[in-house]
Amino acid sequence: MSHPQPNDSTAVAIENCRSDFPALQQEINGQPLVYLDSAASAQQPTAVIDAVAEYQRHDHANVHRGVHTLSHRATDAYEGARDKIQAFIHAASRREIVLTSGTTESINLVAQSYCRPRLGPGNKILISHLEHHSNIVPWQLVCEQTGAELVVTPMDDVGQLDLEAFKQLLSTEVRIVSIGHVSNALGTINPIKDIVAQAHALDIPVLIDGAQSVPHLPIDVQDLGCDFYAFSAHKMFGPTGVGVLYGRESLLEEMPPYQGGGDMILEVSFNGTTYNDLPYKFEAGTPNISGVVGMGAAIDYLQSIGVSHIVKYEHDLLEYLTQQLASVDGIRLIGTAADKASVQSFLLDDIHPHDLGTILDHQGIAIRTGHHCAMPVMDYFGIPGTARASLALYNNVDDVDRLVAGLDKAKQIFA
Amino acid sequence: MSAVDINSRDDLRELYRELILDHAKSPRHFGKLAGATHTAEGINPLCGDKLRLYLRLDDEDKIDAASFEGSGCAISVAAASVMTDTIIGLNVSVALEYFRAVTRRLTDPGQDHGDNLDLGKIMAFDGVHEFPSRIKCATLAWHALNCAIHNQTKSVSTE
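Residue numbers (the numbering used here), protein chains in the order written: chain A, 1 to 415; chain B, 1001 to 1159.
To be clear, the hints were calculated from the coordinates, so they are not data collected in a lab. These numbers were taken from a predicted model, which means no experiment stands behind them. Ideal placement from N, C-alpha and C gives every residue a C-beta, glycine not left out. Among the clues, some could well be false.
What the hints assert, rightly or not - Which bits of chain B does chain A cover? Going by a derived footprint, with three or more residues having C-beta under 8 Å, they are:
#1 1015-1028
#2 1048-1056
#3 1067-1075
#4 1133-1146
As the list claims (entries may be wrong) - Derived pair list, reagent style DSS-like, types lysine-lysine, alpha-carbon separation capped at 27 Å:
#5 LYS411(A) with LYS1121(B)
#6 LYS1032(B) with LYS1062(B)
#7 LYS409(A) with LYS1121(B)
#8 LYS1025(B) with LYS411(A)
My request is simple: use the sequences and hints to build the entire structure.
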C-alpha cells in the first residue's frame, strides 16, 4: 500500500496542518494525544477558535434587527457564512441554506414540516439499516403522529445497502427516502446518485444525512440531485450546536414553518402572521451566531487545504489503518464495504469495547466505543458494540501505529 | 494473567486485577434462575452494558439463590459475578447494606465505608475510582440488586 508519504506535496500540507489544532498538542496520561474520534466530534483549528473569539470580542450583536454598527457586523458575518456554506455544497441559491442546531434538528425539521402534513395511514418512509439514531427516531415520531409506516432497506454482511431490495421497497406509497451519505458506525459510502435516481423515477424526494460525509468528501447537492441534505459544523472542525439543512427551494417554499418566533415573520398581529421569506421562515429566534461564524471559518479552513487533497490523503490513511488492524491477531473488522470513508469499527478477541477504550485512553489514544448511536447496526452483527477508530485530516501513520501498539497492550492484559 | 509491565503507573493493573479478570472470563452464577422471586434489569447506555439479575428469596427474606445474565464489559460482568457470590445466603437487609457500602466506597473512596461488613472480594474493585467513567460499570449490578429487592420492575439505568 502507498503510505501517505510526507514527501508528496499534498501530504506535506496536510502533515503540517496537525499543528493548526491546539487540542492535539497535549499529553493524555503522560503520552502525546492520538485523537481517533473525529466521527463523534472533530477538533477545531486555531482559525476557527480565533474567528469565534474575534466575533465575540468585537462584532457581537443580534442579527437582522438593529441599525447600529455591531448589528450590521454581526449580520454580515452570519450571512457571509451562509454564502460560504452555499458555495461549499454547491447549492443553487442561498435561500436553500437553512441554519439549524445540527443534523438532528435538520432531519426533524423535514420530518415535521415537509412530511407530517403529507403523511397518513398507508404511506411509508424509507430509510436503511445503516442509519444513525438521528435518522431513525425523527421518522418514528412522525409515523406515530400520522399512522405512516417506517420501512427499512436491509444491508449485507460487509455493511453495504441491498440496492435490489431498495428498488423493491420503493413504491408510490413512499413519501420520502432518507439515507446517510456515510455510515457513522461502519464508514460505508452509500451510492447516493443511484438512490436518488431510483426514488426520483417515482417522484419521491430524498433526504441525505451528511453528518459523516462533509469533512471527508466533496459535496455537490446539485450533482447528487438530492432534495434535502443535512449536516453539522462540529464534524467538520467547526463549533457544536450549528448545522445546516439544504433544501430544494421549491420544496422549502411549500413547507410551513417548523418553529414560531422572532426573525421568521414579516408581520405579526393577533389576527395572524405573515411568514418571512426563505430561508428565514425556518430560523425562528436568535440563532447561534458565533457558531455560524465558526462554521464559516471551518469552511475557509477546509478549502485552504482543498477537499480533493483531503479525500486522497484520508483514503490512503484509511487503507493503512485497515491493513494494520487486519494484521492484529484476534481482530474482527466490522464494516468492510468496498467504498468507505474515515471509519473502521472492530472487535479484538473477546475483549469488550469499553475495556479497550479504557486501556487505549490510558495510553493517550482516544477512540469511540459502544453502539455509536446505531443500535440496529449492532443488532445486525449480533454484538453490543464496537471499538471505532475514525480519521480526520490531522491524523497520520504514527497515530495508526500507536493504536496498533495500544491494542497489543490490551491483549497482554487480557491474555 | 501474564506479568506485563503495563505502565510505570499501575492504575491499569489496579483496575484489571486478576480477580476481576477471572470473574469476567468465568462469571459465577451466570444464567437464568429457576423459581426466581425477584428480578431487575440494569442498563448502562454509555457502553451498552445490559444485565438481568435474578433473586430467589425464602420465606424469611434470605437470598437463597441469585444469578445474572446479559453482556457487558469486564468490570460490569465481574462486579455482577462477585456480587452474586457475596449476597447468596444473606438476608435482604444485609444485602442492601452491602449495596450502600459498595456504592459509597466507589464514589467516595476517601472515607471508610462498610467497616462492619466483610467486603472480601469486593475490595478488588477499589481501583475503579481512578477511572470515573467506569464507576457505573462496577455499580450496575448493585443498582439492579437494589431495584430487584424493592420489586421495581422497570429497568434501572446508570444514566
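Structure-based check of each hint:
Closer than 8 Å: that is the beta-carbon criterion, and the region 1015-1028 of chain B has 3 residues meeting it against chain A, so the requirement of 3 holds. Coverage of a stretch by a chain is defined here by at least three residues with a beta carbon nearer than 8 Å to that chain's beta carbons; for the region 1048-1056 of chain B and chain A the count is 3, and the condition holds. A stretch counts as covered by a chain when three or more of its residues have a beta carbon under 8 Å from one of that chain; for the region 1067-1075 of chain B and chain A the count is 5, and the coverage holds. With 3 residues having a beta carbon nearer than 8 Å to a beta carbon of chain A, the region 1133-1146 of chain B meets the requirement of three or more and the stated coverage holds.
Our distance criterion of 27 Å between C-alpha atoms is met by LYS411(A) and LYS1121(B), whose separation comes to about 24 Å. Distance hint between LYS1032(B) and LYS1062(B) is fulfilled; the C-alpha atoms sit about 19 Å from each other, no more than 27 Å. Of the pairs offered as hints, the one joining LYS409(A) and LYS1121(B) holds, with about 26 Å between alpha carbons and a cut-off of 27 Å not exceeded. About 14 Å separates the Cα atoms of LYS1025(B) and LYS411(A), which keeps this hinted pair within 27 Å; it holds.
In this structure, none of the earlier numbered hints is contradicted; all agree with it.
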